[in-house]
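Throw the hints in and build the complete structure from the sequences for me.
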Amino acid sequence: MIPESLKTELTDRIASAVTPREAAVDVLKMLQAHYGWVTDEAVAEAGELLGLSTLQVDELATFYEMLYRRPVGKRVIHVCDSISCWAMGGETLMAHLARHLGVQPGETTMDGMFTLLPCCCLGNCGEAPTLMIGDTLYGLVTPELAEQIMAKERT
Amino acid sequence: MEQVLFRHNRPGRCVTFGEYRDEGGFEALRKALAGMSPVDVQQTVIDSGLRGRGGAGFPTGKKWSFVPRDLAGRYLICNCDEMEPGTYKDRLLLEANPYSLVEGMALAAYSLGVNHAFVFIRRGYEQGAGNLRRAIAEAAAAGLLGENILGSGFSLHLDVHQSAGRYICGEETALMNALEGKRANPRSKPPFPAVKGLWGRPTVVNNVETLANIPYIVANGAAWFKGLAKIPEASGTKLFCVSGHVRNPACLELPLGTTLGEVIDNHCGGMRAESSFKACLPGGASTPYLTRDHWNLALDFDTVARAGSRLGTGGIVVFDQTTCMVAATLNLGRFYSRESCGWCTPCREGLPYVVHLLESIENGEGLDEHIEILAEHLNYLNYAFCPLAPGAMGPVEGLLKHFKEELQEHIIKKQCPFRPNRPGGVHGN
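If you're matching them up, the sequences are chains V and X in order. 1 is the number of the first residue of the first sequence in the numbering used here; add one for each residue after it. 1001 is the number of the first residue of the second sequence in the numbering used here; add one for each residue after it.
Derived from the structure by calculation, the hints contain no laboratory data. Glycine is no exception: its CB is placed at the ideal position from the N, C-alpha and C atoms. It is possible that some hints are incorrect.
As the list claims (entries may be wrong) - Here are some chain V residues the structure puts well away from chain X; computed CB gaps all over 10 angstroms: (1) K7; (2) T11; (3) A23; (4) S53; (5) R70; (6) L145; (7) I149; (8) E153.
As the list claims (entries may be wrong) - Partial pick of chain V residues on the chain X-facing surface, computed with a CB cut under 10 angstroms: (9) P20; (10) E22; (11) D26; (12) G47; (13) L49; (14) T54; (15) L60; (16) F63; (17) W86.
Next comes the structure, spelled out in structure tokens:
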């Protein structure tokens, strides 16, 4: 069950939308912020609030890069693997992070802290290679800097 | 070098509403509402020769003219789903100055008879989205948005819709599905969005940079805008965002028609140390490569098209002599294969096959016939439902056209010549 305060926020967002469905992605983002990922319960709750079937909600929940339909760690590291980052050492960065965290891309560390994911261009190509954690964008990420970022994000 | 879109920029921060207004901001909107008809505004944009800055380069005023004036309930959407690899201009524009976009949207909406407009912005552009929301609130408080703007009788409600990250949302019909809260598969055309778009209503979708140009065109006139370009057949400036193996990667506002060599040597400090230019993507991930032969090519829509590529978004990704073009094309292929929405068979099935072929060649398992099969796929993927798959084949086309010998070398030597004896090793540095 979601707390009343969140439910109020969700219904307010839906009320301000052109059609309830227009607010669907925002509703899923808000539920994800609450649960940590888009759980089955979240899909059902979103469906009820939006007047959509769970299938219609799942069509969205499984579509977007920044909606997590599976459990993730406390911090999700999105490492850009698009062309500009690739040219500037993106593969080296990903390999280094995988080794440092002891996980393969797509996996979560044993302590549940980090999930490592490759992602689409983050629009920071002039400062490649780039990664994003939460809303924070990091550019010119060398392997050394990546370790410092991990240490900072761990706290 | 005349700066238009970057004219109000402040180092290290976003310009304020007051600064923008004091430097002539919102004067174009005042001018249009006081003395120009919607058709006048459209004609000025047509005369200016402004072409879409989102990638396709379609004439903006002409696009507007397709909207039937007798159908009410029209929409304007600003496409800020900037997920084209190598492209970061719209992010920088919104981080430096969201007001030109707000004013440009108000002018476009006035011209189109639109009372409700949206900015569709990608996930990850939180700062830009924040700037935009603040700019909209400030403009509304100053009577420049909302009901009866400046007493003209024209009203505009402007909403920000933030996405959750998926490349296909940048395709305009997929974007409209995404905005409506549906899975973002593209729609069939016709009907075209100008007639039947968002919620079935006539809709215009324009890029951020395109719309941000409108206030300056309305304020200074079509002839002034045409004169900004370096060559007579082009109009205006363009934001070129450069990345890759140059010394100082940067997003620059330069006249259309500036040559590739000038962009790299004069504005990006040349190539990085001990490095020479090998190739570039001129306008994002879907544009065929340009090579050393194109060093003096004027960067404008028609000139680049005549050279067999596209100006696209102006996202220039530069590669030096250490780059394996097969591996670069494989990276681009993997991107498109992963970002395919899966709706149509040519794209869903064809792109993974193209990736498989490129992987085989890169890993030293390529056969001569693979080159032929790749060439056939340039044609097959044109049968896809939307431009994603044909776009994905842009770099493959460039690879086959300019780097056939490099492809053959992989096949003959049974390994990548750029990482001999290191199969599975990493590329890029």
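So, going through the hints one by one against the coordinates:
1. For V/K7, the condition that its CB be more than 10 angstroms from all CB atoms of chain X holds, with the nearest at approximately 19 angstroms.
2. Residue-level check passed: V/T11 sits 16 angstroms from the nearest beta carbon of chain X, beyond 10 angstroms.
3. Its closest Cβ contact with chain X, about 7 angstroms, brings V/A23 to no more than 10 angstroms, contrary to its assignment away from the interface.
4. With a least beta-carbon separation of about 13 angstroms from chain X, V/S53 lies farther than 10 angstroms from that chain, consistent with its non-interface assignment.
5. Separation of V/R70 from chain X is adequate, the least Cβ-Cβ distance of about 15 angstroms exceeding the 10 angstroms criterion.
6. The Cβ of V/L145 sits about 16 angstroms from the closest Cβ of chain X, beyond the 10 angstroms cut-off, so the non-interface label holds.
7. V/I149, annotated as away from the interface, keeps every beta carbon of chain X farther than 10 angstroms; the closest lies near 17 angstroms.
8. Distance check for V/E153 against chain X: the nearest CB is about 17 angstroms away, which clears 10 angstroms, and the non-interface claim stands.
9. Here the hint on V/P20 is kept, as its CB sits about 8 angstroms from the closest CB of chain X, short of 10 angstroms.
10. A least Cβ separation of about 5 angstroms between V/E22 and chain X falls short of the 10 angstroms threshold, and the interface hint therefore holds.
11. Below 10 angstroms, beta-carbon pairs count as interface contacts, and V/D26 has one with chain X at about 7 angstroms; its hint therefore holds.
12. For V/G47, the shortest C-beta to C-beta distance to chain X is roughly 12 angstroms, which exceeds 10 angstroms, and the interface hint is violated.
13. About 12 angstroms separates the beta-carbon of V/L49 from the nearest beta-carbon of chain X, more than 10 angstroms, and the hint is not met.
14. Given hint, V/T54 at the interface with chain X, is violated; its Cβ is 14 angstroms from that chain's nearest Cβ, farther than 10 angstroms.
15. With a cut of 10 angstroms, the hint placing V/L60 at the interface with chain X holds, because the nearest CB-to-CB distance is about 6 angstroms.
16. A hinted interface residue such as V/F63 counts as satisfied when its beta carbon comes closer than 10 angstroms to some beta carbon of chain X; here the least separation is about 5 angstroms, so the hint holds.
17. Taking 10 angstroms as the C-beta contact cut-off toward chain X, the hint placing V/W86 at the interface holds, the least distance being around 5 angstroms.
Against the hints set out earlier in the document, violations occur for numbers 3, 12, 13, 14.
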